[in-house]
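Asker: All chains, full assembly: derive it from the sequences and hints.
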Amino acid sequence: GRKLLTQTQVDNYLHETKSKLTIELFVYDSKVNVKQHYCPDGKIINSDISSGQENIPISVVNEIDKEPGKIEEPSTFTYRVERTPVAGVNMVT
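Position one of the sequence shown corresponds to residue 22 (the numbering used here), numbered consecutively onward.
None of these hints come from the bench; they were simulated from the model. There's no promise every hint is true.
As the list claims (entries may be wrong) - Okay, derived cross-link-like pairs now, EDC-like style, lysine to aspartate or glutamate, Cα gap no bigger than 20 Å in a straight line:
(1) K41 to D86
(2) K64 to E37
(3) K24 to D50
(4) K39 to D50
(5) K64 to E45
(6) K64 to E84
(7) K41 to E75
Since we're looking at a predicted model, the values are computed, not measured.
Answerer: Dropping the structure here:
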């Protein structure tokens, strides 16, 4: 394998290999533990909020409201695979 330690090295590698991945998909913070496993301590509200639009299910978990009857799925929510510009939100392109 090839070790890429900086954003410039990753950017050059992506360009050389004509990868469809973008530089925004990489993290350069040494404190990030890529092998950490997340175990939710809450109730699964929706097992796949993307409704099959993603290759893997995107679950919604509520870890705040533990009382029965208080956990509700968002009523007005549209899942989008592509980033969509909206008023008041600056997008890096």
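Asker: Each hint: holds or not?
Answerer: Cross-check of the supplied hints:
Distance restraint check for K41 and D86: the Cα-Cα separation of roughly 40 Å exceeds the 20 Å cut-off, and the hinted pair is therefore not satisfied. Among the hinted pairs, K64 with E37 is inconsistent with the structure: their alpha-carbon atoms are about 44 Å apart, more than 20 Å. A threshold of 20 Å between alpha carbons decides the hint, and for K24 with D50 the separation of about 15 Å falls inside it, so the pair holds. Straight-line distance between C-alpha atoms of K39 and D50 comes to about 25 Å, which puts the hinted pair past the 20 Å bound.
Of the supplied pair hints, the one linking K64 and E45 is violated, its CA atoms being roughly 31 Å apart against a limit of 20 Å. Using a Cα cut-off of 20 Å, the hinted pair K64 and E84 holds, with the two alpha carbons roughly 7 Å apart. The hinted pair formed by K41 and E75 meets the criterion: a straight-line CA distance of about 17 Å does not exceed 20 Å.
In this structure, the hints that do not hold are numbers 1, 2, 4 and 5, in rising order.
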